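Residue numbers (our numbering), protein chains in the order written: chain A, 5 to 342; chain B, 5 to 342; chain C, 5 to 342; chain D, 5 to 342.
Simulated from the structure, these hints should not be mistaken for laboratory data.
Note that this is a predicted model, so its numbers are computed, not measured.
One or more of the hints may lead you astray.
Calculated lysine to any residue pairs in the SDA-like style (CA-CA distance at most 25 angstroms, straight line) [unchecked claim]: (1) Lys299(C) with Gln6(B); (2) Lys328(A) with Gln28(A); (3) Lys215(D) with Asp167(C); (4) Lys299(B) with His114(D); (5) Lys58(B) with Leu10(B).
Number of protein chains: 4
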Amino acid sequence: MQRKDLLTEPVKHFRINSKLSVNQLIQQFQNSGSFGAGRLAVACDIYEKMARDKDCTIFLGLAGALVPAGMRSLIADLIRGGLINVVVSTGANMVHDSIEALGGHHYKGHWLMDDHVLYRYHVYRIYDVLVPEEDFVNLDYKMTAIYDDIADQSKGKTLSSCDFARELGKRLEDPDSILRAAYESNVPVFLPAVRDSELGYVHFLHSTRRKLAKKPPLLLDAFSDVAEIIGICRKSKKMGMIILGGGVPRNTIQSAALATKSGLDYAVVITMDRAETGGLSGSTLEETVSWGKVKGQASTVTVYGDAMIIFPIMAASLIERLDKNHKRPRPKNMEKLA
Amino acid sequence: MQRKDLLTEPVKHFRINSKLSVNQLIQQFQNSGSFGAGRLAVACDIYEKMARDKDCTIFLGLAGALVPAGMRSLIADLIRGGLINVVVSTGANMVHDSIEALGGHHYKGHWLMDDHVLYRYHVYRIYDVLVPEEDFVNLDYKMTAIYDDIADQSKGKTLSSCDFARELGKRLEDPDSILRAAYESNVPVFLPAVRDSELGYVHFLHSTRRKLAKKPPLLLDAFSDVAEIIGICRKSKKMGMIILGGGVPRNTIQSAALATKSGLDYAVVITMDRAETGGLSGSTLEETVSWGKVKGQASTVTVYGDAMIIFPIMAASLIERLDKNHKRPRPKNMEKLA
Amino acid sequence: MQRKDLLTEPVKHFRINSKLSVNQLIQQFQNSGSFGAGRLAVACDIYEKMARDKDCTIFLGLAGALVPAGMRSLIADLIRGGLINVVVSTGANMVHDSIEALGGHHYKGHWLMDDHVLYRYHVYRIYDVLVPEEDFVNLDYKMTAIYDDIADQSKGKTLSSCDFARELGKRLEDPDSILRAAYESNVPVFLPAVRDSELGYVHFLHSTRRKLAKKPPLLLDAFSDVAEIIGICRKSKKMGMIILGGGVPRNTIQSAALATKSGLDYAVVITMDRAETGGLSGSTLEETVSWGKVKGQASTVTVYGDAMIIFPIMAASLIERLDKNHKRPRPKNMEKLA
Amino acid sequence: MQRKDLLTEPVKHFRINSKLSVNQLIQQFQNSGSFGAGRLAVACDIYEKMARDKDCTIFLGLAGALVPAGMRSLIADLIRGGLINVVVSTGANMVHDSIEALGGHHYKGHWLMDDHVLYRYHVYRIYDVLVPEEDFVNLDYKMTAIYDDIADQSKGKTLSSCDFARELGKRLEDPDSILRAAYESNVPVFLPAVRDSELGYVHFLHSTRRKLAKKPPLLLDAFSDVAEIIGICRKSKKMGMIILGGGVPRNTIQSAALATKSGLDYAVVITMDRAETGGLSGSTLEETVSWGKVKGQASTVTVYGDAMIIFPIMAASLIERLDKNHKRPRPKNMEKLA
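For reference, chain A alone in the conformation it holds in the complex (with noise of 0.2 angstroms):
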């Protein structure tokens, strides 16, 4: 490399003289090409390339309080257009997707209130967000009576958990739910930690009552989506991930794509978390090309913000690039997936 090589690209400063659209400050984002808004701009041609390219099969970790705050109606749609094609979520936001599809809301609080009152109020608090405990009340009491239903359907079979998701989808009828959607979508929906969450407490009053009636309860096999997972990503030509937050949800992905001795060919990794403490959450996607999860040449980036801003950002910029009415076809080898 040559001095000349390295001072190849000025910055270009930002302009914002009108109105403008997402996708033109995007375009400004490209211009000046530095620290976050570079990086904003990366993800957002990286999405755009997955998107356009007929062989990948796109997965969506999902971790950290994103459906309490107002992310499920972006996911539902993004997965009807054919912009997800896997879903691997904590527990926890598919039992908030599941308490508005079970007719509960989410609330806008603050995050300095006082949670002595809230508690007496039995009210929950997830930053600013509120939810009554009576929605909790109302999930637990109609979703008992769904794992009885399902229990009663698979008859002793035991499921994994992307056929728990299936099967919650089916009886979920809220169009803007995402379980509901990726129901009718055919797409997978994989929660590995399923039981640190409220579905876990639900599968604890379900089986009580279910020993009761001398039933059997709703079996979910701990390991079993682990082959599930890899025949999607065995299947794939082309795997990309987009991650929001972190945990399990992009463990589960970079060790499914480590499994087929291929590695992900497109990353993007919105987080706060940081490298230096070791977790998983925070470390870079430089780390995972030495375990060949990510591919040495894979495009990759990951953008240190806010979820909550950066993957709208993302989504408004794709649709705005797509055609109109775009929908994206099912990925080569997905056809006949599930």
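Let chain A serve as the given structure and place chains B, C and D on it in line with the hints.
This is chains B, C and D only, laid out in the frame that chain A set:
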């Protein structure tokens, strides 16, 4: 409240003019009582209170790559000393515990190594720790045999994650192993997302082989440890948690405490994650009060720092405060825990 | 407060199904109103309120390498549009503004470049932005001449940092320069730590030369801008601040507002720094209320994010909300400001 | 490099089974050598190397509210012990040093206090530290008299920030004061942004009064300490820095080292700020190598943590490593420094 009540305790400035023990340092931090130093001093006090409270079941939540980085023997020793009564861990930490128990090692590396080179050399990087691929291959190989053995012995019985961890501990003979120490000390280890780790991939190998051999695989129920951990919480007169990192382990412990309608009496969280993006790992202990996960009058503190620094300091301070050769008896009502 | 008062405004989930303008995106963020998205929507509202408040003097605090990364023209344009009335900046941002005004450039680089190679090539790195050494040498050379000229013209008079910035702006002819735009628009630029930048080193070169030539150097009084900024605050009927980063600029603005016994009416802080270690940059806007730096009933918000992403969004949203060709008149009582 | 060269040093796991001294704990951290623990062990080694290097001038950079939080006596003692040779500080830390020297106090508070109440009570909050307004009023009153005295004695001579700090130290008689200890030990204290603190507001009061009294005010030149700190760097055979926080002090030290065309030989940065948003405080020590601020072969480390925890540990470890009653001689060539 009157103004004078606000201004009662002046900050006393540190003074370090001779050799200090770790706990003497913590006394200095208590004198100043501000920022991270004040939080750390409180954390040490809370751990001491838990340890001296005969009724308190002490839960340790373990997320992030703590075992690869050097935390293994310390945790094993604390388990044996009765200073940890229940472990809730990511799968990965137990994977790395097993790697060392089965003869492998972790190596000191650097956070700026070239990951393309590491990939070619089959060396995996976790921030500044390295693991050679062959130690994973060795794990896969030996662990598949262990799974075979567990499957053979359990004769079609479905295990919980807690049963499974006990079966692993029984078969790992390294005294420095967390799983072994827990097995020997009858300390339950919950692995609510065990599938999301190499232990999940091993199951994929194992079950593929068992299918060919027409033998049933090891069966792990995804939900049955929910009832088990709630059972422990119900038996406990008091509950305390120490959280390293956050993630699924933190949520699992908090949810179990909530399910008993009781709430934790003590809580120390060590994390670098932040609250504003709404993830569970960074959520404040104030917020947990609104849910009833932590009691309103509980002793709690969050220390913002690297658990690899903070937790050993807490442990060293505690060991110094306790009588020599102190072995904490199992908390009341937990005596028959299995 | 009654329970029902807590649960009044449900989170409305984002919906992005067609091309959106930046402000339409912000409307979506307002609908959800949670986490970073909610904070950003509030920040846009506050900037609009400031802009429409004829009495409000709008202070911009500028810390961090925003100018090298592409923020220069945007700030210059906002100054010309009357949407920023006073600038308080680190010296470094004005150094980089001057580098470009004097013909230099910043270049797109990468955060993982080999700094030993860059050192050998005389290329300086600021995260992922590069500056060739010769642009600094050119700055030193031309700026020394400018200092000579200022010293000659000021005839022994001691300048304030604000006078100094005006003299620089007068001599930089680039219309995209922040210093030039401020000079032309009669917007004061405070540089309370100007010595801590290449402008300090230039003074070292200049004063050494002047000594040899037996001429008095440019004299800058360290304290005289205190009275000037307090004077502006006293003349202002209302005060608002937008802080990019924090540091000395934030403290200078807040202290000036405090010195008037009045306090700011509007405050938006954009930062990634955190509160728990006690630094000013990460301190909460709540805390500033105890001092009287910000009024108890002020409109305030902190957005936790990268200023290179967040501030352009705020600016784009504001420009869209204002009438076309909007030029904000100078706030009342600031008309004769010089 | 061969593969085996990568895998030479296994992580040794911590073992804490009896009372440990602080330095014994650091030995454990060195054994593991990973994440924050590894970084901290390296930081302790580097501080020891600086202390044992007779040629090394040790610079301390002080930003963030360290003095209010309890760091005052420790720094004063290190100055007297020769373990810090030059201080570069924010104005605010010296303000709080002076508040205590003049009879005031800081008080332990809480980060969730009601700031509206504090405002009514005239109590200022710095995260979880409180300062009563009367201690600031007392400072204003007594410090104005000190400024008068300095102005009278300096007879129109313009001071540098370093002269000014010495004049303050001469007049503060508290042996625990940093300014006093520096004065007595002939350790220069640079205050490159002193105007941005209550010391700036005091000048406003003082100069207003002097104008009425038709007497010249204390005059502080904004630029003259540039030559002074460069002079110290040029005289130093070796240079090391310890940075608490970052900000202007870090930049001032690094720029001075650069101006000598030499670069620092040792560098320890303690911060929670992050690199990705491009600010100087969070910038990596790798990046400084591209500029020549830090030598390519220097001993350097960044510890990501709260300086109130990390720096006392480093100091305690160092004091334990040095001989009892160790007083470090002034570095060579710095003997006549004034």
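For each hint, the structure was consulted:
no.	hint	verdict
1	Lys299(C) with Gln6(B)	22 angstroms, holds
2	Lys328(A) with Gln28(A)	17 angstroms, holds
3	Lys215(D) with Asp167(C)	21 angstroms, holds
4	Lys299(B) with His114(D)	19 angstroms, holds
5	Lys58(B) with Leu10(B)	34 angstroms, violated
The structure fails hint 5 only (numbered hints given earlier).
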